[in-house]
Each structure stands twice: as structure tokens, then as C-alpha cells.
Amino acid sequence: DAMVIQNPRYQVTQFGKPVTLSCSQTLNHNVMYWYQQKSSQAPKLLFHYYDKDFNNEADTPDNFQSRRPNTSFCFLDIRSPGLGDAAMYLCATSTSGTYEQYFGPGTRLTVT
Amino acid sequence: GDSVTQMEGPVTLSEEAFLTINCTYTATGYPSLFWYVQYPGEGLQLLLKATKADDKGSNKGFEATYRKETTSFHLEKGSVQVSDSAVYFCALRWGNTPLVFGKGTRLSVIA
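Quick mapping for you: the protein sequence lines, in order, are chains A and B.
To convert, note that position 70 of the first sequence is 70 in my numbering; the numbers rise steadily by one, no gaps.
To convert, note that position 103 of the second sequence is 1103 in my numbering; the numbers rise steadily by one, no gaps.
No wet-lab data here; the hints were simulated from the structure.
No experiment lies behind these values; they were computed from the predicted model shown.
Among the clues, some could well be false.
[Said to hold, decoys possible] Derived EDC-like pairs: lysine to aspartate or glutamate, alpha-carbon spacing no greater than 20 Å straight-line:
1) Lys-1049(B) with Glu-1016(B)
2) Lys-1103(B) with Glu-57(A)
3) Lys-38(A) with Glu-1042(B)
4) Lys-1052(B) with Glu-57(A)
5) Lys-44(A) with Asp-1002(B)
6) Lys-44(A) with Glu-1042(B)
7) Lys-1056(B) with Glu-100(A)
[What the hints assert, rightly or not] Stretch-level coverage of chain B by chain A, calculated; a stretch enters the list once three of its residues show a Cβ under 8 Å from a Cβ in chain A:
8) 1041-1055
9) 1098-1111
Note that beta-carbon positions come from the ideal geometry of N, C-alpha and C, so glycine has one too.
Pulled out of the complex, with its shape left as it was, chain A reads as follows (with noise of 0.2 Å):
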């Protein structure tokens, strides 16, 4: 089945040191988005691709990158993660033209 796969679905990783989340997917899509989930929130974008165009939103904190090699995947970088970066992280993915946006299944991450 087409879908969209993130990986690990659990990380944990020590303050300050960096960690690397992955989102692949199968859908071909051209747009792939990242939102950040805290508890009892809506999901808030950080950044989106559409296509190779990289589009950051205004109050994401530096300490987060992205890139995207390839139509299939994408990668949020945390480069000096504090605790507050402590959150579900979610990949999105959608296709000019249609109205859906198909979500993975999330990487909680947990920073000690």
C-alpha cells in the first residue's frame, strides 16, 4: 500500500546532542510537510517542500533543519535539542492539485 513511513516511531535522544527523524514515502507526492504535535495541541508546521523548494515558517527556531534528497524522502534535523523540543513529530504529504494531506504515523521524540 502506498503510504507515508516515519521513522524511528520513538527516539530518545540527551540534551544538546543532535538527532536526524526520517519520513519516506510512496505516494510520489511532490509536497512533504513537518509539524510538531505537543501534548494536547494541534499539530504546528515547521517547514514544508514543495517540490525542492524549501518553505520555512516564520517561528521555527533555527535549531531545526530539513532536507530533502529526493522525492521519496525527508529529514528533520534538531541541532541542539532542549527540552522543550519534546514532541510528536509528523510528516505530511500532499500533491498539487488535491485537497488531502496524508499523514504518518509520527516519531515521538523524548530528550533527557
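With chain A held as given, fit chain B onto it using these hints.
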């Protein structure tokens, strides 16, 4: 800017009760409207959508009608089940722009 307001939870219902979760939006023009559901520990799943005024989205017994006169997209289900316990997010979107989410409403259904 565009925004979505939905009723605060948590909402606790007995099995087979009627469910309404209110959602209103603020936007210039007529965006597409969505309800997403998030089960514990999982990502978001699209529950239903409506892309123009007076459209009714439906899925798994849930329904919502796009009402432009009241700028609303209320979610309803006639008879909830324990398996419907989840967080429900109302959202809007213009074309290829990112989704704008409401804050979510947690539903707990007890047997």
C-alpha cells in the same frame, strides 16, 4: 489571517449517544474544510472533507456540512462507539497551502 475554532473538550459520551463537535472558521472566501482524527499514539487520519459550500462530507457514520452562511463545519455522528474515542481536529486549506488546524477536541466514549 485564517483561523479555525472548535469546541473545547474533553467530551465524554456514553456509547450510542449522539455526537456534535462544533467548528467555525474565519477566512476570506471559501476554503476546503476537513476533519482529521487522531487515535492515541498515532498520526492524523483524514476523516472527511468538503470542498465547497453546501457539500456534505461523510465517512464511518460521521457527517459534516459546509455552511458558508454560518462559516461552520460541525461534526456529527448519530451513535458513537467506544472505538470512536480519539482527538478530532477541524482544519481548513486553500489549494496547496498548509492546513490550518483547530486546537482539537478529545472525545471519550464509555461503555
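Checked hints:
The hinted pair formed by Lys-1049(B) and Glu-1016(B) fails the criterion: a straight-line CA distance of about 24 Å is larger than 20 Å. With a CA separation close to 19 Å, the supplied pair Lys-1103(B) and Glu-57(A) stays within the 20 Å bound. For the proposed pair Lys-38(A) and Glu-1042(B), the alpha carbon gap of about 13 Å is at most 20 Å, so the pair holds. At most 20 Å may separate the alpha-carbon atoms for a hinted pair to count; Lys-1052(B) and Glu-57(A) exceed this at roughly 27 Å.
For the hint linking Lys-44(A) to Asp-1002(B), the alpha-carbon distance of about 14 Å falls within 20 Å, and the restraint holds. With a C-alpha separation of about 16 Å, the suggested pair Lys-44(A) and Glu-1042(B) falls inside the 20 Å cut-off, and the hint holds. Between the alpha carbons of Lys-1056(B) and Glu-100(A) the distance comes to roughly 16 Å, so the proposed pair stays at or under 20 Å and holds. For the segment 1041-1055 of chain B, the stated coverage by chain A holds: 8 residues have a C-beta nearer than 8 Å to a C-beta of that chain, and at least 3 were required.
Three residues within the 8 Å Cβ limit are the bar, and the segment 1098-1111 of chain B against chain A gives 7, so the coverage statement holds.
Violated hints, in rising order: 1, 4; the structure is consistent with all others.
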